[in-house]
Amino acid sequence: MPEAVVIGAGPAGLTAAFELEKNGIHSTVLEADHAVGGISRTVRYRGFRFDIGGHRFFSKIPLVNGIWEEILGDEMLVRPRLSRIHYRGHLFDYPLKPLNALTGLGPAESLAVCFSYARAKLKPSQREENFEQWVANRFGRRLYQIFFKTYTEKVWGVPCSEISADWAAQRIKNLSLREALLNAFFGNGSNGQGITTLIDEFRYPRLGPGMMWERCRDLLRDRGNETILGSRVHRLEHDGRRVRRVITRDRHGREEQHGADQFISSMPLQELVRSLDPAPPDAVLRAAAALRYRDYLTVVLVVKRAEVFKDNWIYIHSPEVTVGRIQNYKNWSADMVPDQGYTSLGLEYFLWETDEEWGWPDEQLIERGIRETAFLGLVDPSEVVDGTVVRMKKAYPVYDAAYRQAVETIRGYLPTLANLQAIGRNGQHRYNNQDHSMLTGVYAARNAANGCRVHDTWSVNVEQGYHEEQEEAGHAGKTRERVITTLTATAAVTRRSAERCVETAFLPIDPFSLGLSLAIVTDAALLLATLPQLLRGGPPSGADLSLLGQFLPGYRVSRAGTLLGLIEGGSVGFLLGWAGAHLRNACVWLYARVVQRRAESQQRRDLLDKV
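The sequence shown runs 1004 to 1614 under our numbering.
Simulated from the structure, these hints should not be mistaken for lab results. Hints may contain errors.
Unchecked claim - Straight-line alpha carbon distances no greater than 27 Å define the calculated BS3-like cross-link-like pairs of lysine-lysine that follow:
hint	residue 1	residue 2
1	LYS1126	LYS1100
2	LYS1100	LYS1313
3	LYS1025	LYS1063
4	LYS1124	LYS1100
Since the structure is predicted, the reported quantities are computational estimates derived from the model, not experimental observations.
Use the sequences and the hints to build the structure in full.
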């Protein structure tokens, strides 16, 4: 009997099995589909290869980068990143560039965008409960309507006002002025990781993302760990404290039992709850029923042309067509096509399984794809020589108004089964990137090896600091732990020093205090210069001081003149100090805002990638 059963052969599940093997635990991986990789698979059609979406391999988590390198090594390419937005007949650079946007939108629309942005800054919405409010506050309502609303609603199939702001808060972390300043002056934010920005290049497996997970499956097989395809989970039998076995069914309805000590699940959270036997409490079942998933299909067109467009992908914001995004697989890797005289395009349609289009014949979908790409001016219908369709159910967990409470209810119940852990995007109903899904698999595997929940799999993509501090601690010895502790403490001291430098440099100067100080200094200097001549009863006005009378009317080397000069000099000094402090504070404030806006702009540049 294997020591662990892993449900799902996507990035999370296979990474969990990979980590279990490193910890000396053999596992069996159960996959309902007939290919590994989940949404990160690579589909083959007559020599052409294409993604289910398009997967950049980029992560700030060293542990994940190490796993990718260990599995594929030199088969990982470094690719330039280029994407644009198609809107009403124009291709806009993405990230947006002012001159390019002005030319495409025209002066009238550009002016409306500027006024809308100014209004959002002066009078932002006080509530940020949904995606529409969140984006409009940061970009202005007009720009939101042009470059975010149409595409986002294509992806999710609901109005932006019904998408939880949690989605934006998770996918695009808010940025503070303090973080921006620390990043500007010391290269990193206070967490030592810097601000996530759009990347100009990324790594990509030579034969597509499925190459990574097929190789991972093969490595597991070579080490005695089986991956069973076409094996859908029917029941998880438990005794109220631990899961005892998984009952699966193949496509012919044949059942098979898989017992183990530990169970790790990346299957959709809704399906996991419904498969538990005995069934969980009614409140948990109702929570599972409230979860929704967005389905997805790709219409692949084979075009007899060497180059159609130079982008990796194009966002389609034009409301006249239903396609949401178009991938150019050849621009991810030349080896994705068998003949360099051809190009394969992936037209992505985001649907509900209940939509009429989901059940259309492939020929009808391909026909629509040809019609829409021709309307967009990207291909001539006569150039399309072949096509196919790939459907993917439950591709994206939906963040609607009900999801948070539903997930919390299920999370509260699952720990009652001590040997069951939920991981991955669908397994936790969380819109994780591939690297975050992999990290949940690593944490779950280490928990299984330790026999206790040392790592919180639900913290991934929530508290980044936790990832970095914990990524090597799971199976490190005491010496390494001491090194990590020392380095962490040193980093904390350095971080606090940097924070103090920034806070000190950018503290506002009190105008009254600076004015009073300059007044005192001015009067002290004037008195020190005048007093020696007063004491020796010198000439009415010394040669060195005569010019002061032109700046301080009434000043003379006399008691009355000196008193008048002190009043005037103190007043001038106070005004100079007061005005100088205000000017300095204004300049510093303006500079700090420029730094903040620049950092926020970098952070939000890849907003569409995160949709």
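These are the hints, each one checked on the structure:
no. : hint                 : result
1   : LYS1126 with LYS1100 : holds (25 Å)
2   : LYS1100 with LYS1313 : holds (18 Å)
3   : LYS1025 with LYS1063 : holds (22 Å)
4   : LYS1124 with LYS1100 : holds (20 Å)
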